[in-house]
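Okay, here's what each chain looks like letter by letter:
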Amino acid sequence: MPSKLRLDPIACDGHGICAELLPEWIRLDDWGYPIIDPRRVPAHLQAHAARAVKECPKLALRLVEQRAEHDTTG
Amino acid sequence: MGRLLVSVRADSLAVSQAEHVNRHGPLPLGPDLISTVEASGLRGRGGAGFPTAQKLQAVSEQRGRRAVVVVNASEGEPASGKDRALMRSVPHLVLDGAVAAAAAVGALEIVIATSRGARTERARLATALGERRERVRWRLETVPNGFVVGEETALLSALAGKPAKPTLKPPYPYERGLNGAPTLVQNAETLAHLALIARFGSRWFRSLGSEREPGTTLVTLSGAVLRPGVYEIELGTRISELIAQAGGPSEPLEAFLVGGYFGSWTRDASLRLTTAAGLGAGVVVALPAAACALAEGARVARYLAAESADQCGPCVHGLRSLADGLEQIATGRGGDRRQLERWAEQVVGRGACRHPDGAANFVASTLSVFEHECADHLRHRGCGRRDRGVLPVGAHDA
Chain A
1 MPSKLRLDPI ACDGHGICAE LLPEWIRLDD WGYPIIDPRR VPAHLQAHAA
51 RAVKECPKLA LRLVEQRAEH DTTG
Chain B
75 MGRLLVSVRA DSLAVSQAEH VNRHGPLPLG PDLISTVEAS GLRGRGGAGF
125 PTAQKLQAVS EQRGRRAVVV VNASEGEPAS GKDRALMRSV PHLVLDGAVA
175 AAAAVGALEI VIATSRGART ERARLATALG ERRERVRWRL ETVPNGFVVG
225 EETALLSALA GKPAKPTLKP PYPYERGLNG APTLVQNAET LAHLALIARF
275 GSRWFRSLGS EREPGTTLVT LSGAVLRPGV YEIELGTRIS ELIAQAGGPS
325 EPLEAFLVGG YFGSWTRDAS LRLTTAAGLG AGVVVALPAA ACALAEGARV
375 ARYLAAESAD QCGPCVHGLR SLADGLEQIA TGRGGDRRQL ERWAEQVVGR
425 GACRHPDGAA NFVASTLSVF EHECADHLRH RGCGRRDRGV LPVGAHDA
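So the sequence lines, in the order shown, correspond to chains A and B. Following the working numbering, the numbering of the first sequence begins with 1 at its first residue and continues without gaps. Following the working numbering, the numbering of the second sequence begins with 75 at its first residue and continues without gaps.
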């Protein structure tokens, strides 16, 4: 079961539809770009999360099982 | 004290391979370099301070395509000059490190990425490459000048002939890097340390520095000191000791910027310069008391906003807003410090790379360390001091 929302910030254009569909987990910053709760999306919101993913006009949002955590930058 | 810079010639020409081998001995290419590097505790000197052995290991474990080594010598930070200093004076140390790293990860191709402005450095590397006899394929490449170009994925994009902009991770360069091959991207100074660790081992490396942060590091010191330049210091050296090495202050000092433009300000000259203390790529700037810290900071904030790759909304808009707000305070036109602090928090972690995080950190540090100056500017419409141009924002040009 996919459980976290992950945003591609390069693809995102700040349409803001996701925040309307899932206000419990996504809010918009002062410039209209989504700030996403990094925790697992609870079961009762999964269907709404899936809708937010589907409705994003830039396909910038995904539901993923887990995040790759290590970054070797530097 | 010097390790990397010990063989630098008095006439500042490049050390030839013969002189280099005479000084340090031949480069051994043993199979256990990765474990030696791990035991040495070497961390990347490009800014992020990532353990070098972990990167080597990650690339060496990739199956399928043959790995590539990329020497990140782009040094896009305007206040940094240490990688250039290495390439100009001891190019073979950097090349040795690249060869040792290539052997460790099974790479046969080494790409050296230098910025457009680094003409002297490129010429010296070309001469040095002509003296080498390894069975590796060398490529000496030019990438655009620019702050973000040094970010690993942006660098790889530039080397692949695409715009020098960061890409979304994963995939990480160690999985899929230059033209899809597993790629080890290492800063030039990191490789120079590697060249000496391969020769003298981990205990030797650890004989300077501290248990937690072993070894020496290069620092580019600028600002109001008598002899600005590149210094090699033991990790854990105090700012005051570094300043003393540089002949002391050239006028009364106000504060120090540690870690460059992703770094932080401090007024504490007894601060020990470590990765944990935010030394980053080793930039230290001594700000004179006669300069307006807020005007200097606002100019850097504007530069960082302009250096955004223009890809991620929070970076494009957030950094512009931060620069606008800091400029407003600096020029005595009012301003809202609390809102700037909130914005600085808000952009963290929201770009494809760490550019917004670093820029926001710089602004947040400027607001907090110069809190009284902010209040003064808000109340008295400025401070009467001016921007002295202590913090450089232009590209290097050789």
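Honestly, the hints are just simulated from the structure, not real lab data. It is possible that some hints are incorrect.
As a list, the in silico PhoX-like pairs of lysine-lysine whose alpha-carbon atoms are at most 20 Å apart [said to hold, decoys possible]:
# : chain 1 : residue 1 : chain 2 : residue 2
1 : A       : Lys4      : A       : Lys54
2 : B       : Lys239    : A       : Lys4
3 : A       : Lys58     : A       : Lys4
4 : A       : Lys58     : B       : Lys243
- Item | Proposed proximity, Lys4(A) with Lys58(A) (alpha carbon, max 20 Å) | 18 Å, holds
- Are the Cα atoms of Lys58(A) and Lys243(B) separated by 20 Å or less? 18 Å, holds
- Could you grab the alpha-carbon distance between Lys4(A) and Lys54(A) and see if it respects the 20 Å cut-off? Holds, because 15 Å separates the two Cα atoms, which is no more than 20 Å.
- CA of Lys239(B) to CA of Lys4(A), is that 20 Å or under? 27 Å, violated
The structure fails to meet hint 2 from the earlier list, while all remaining hints are met.
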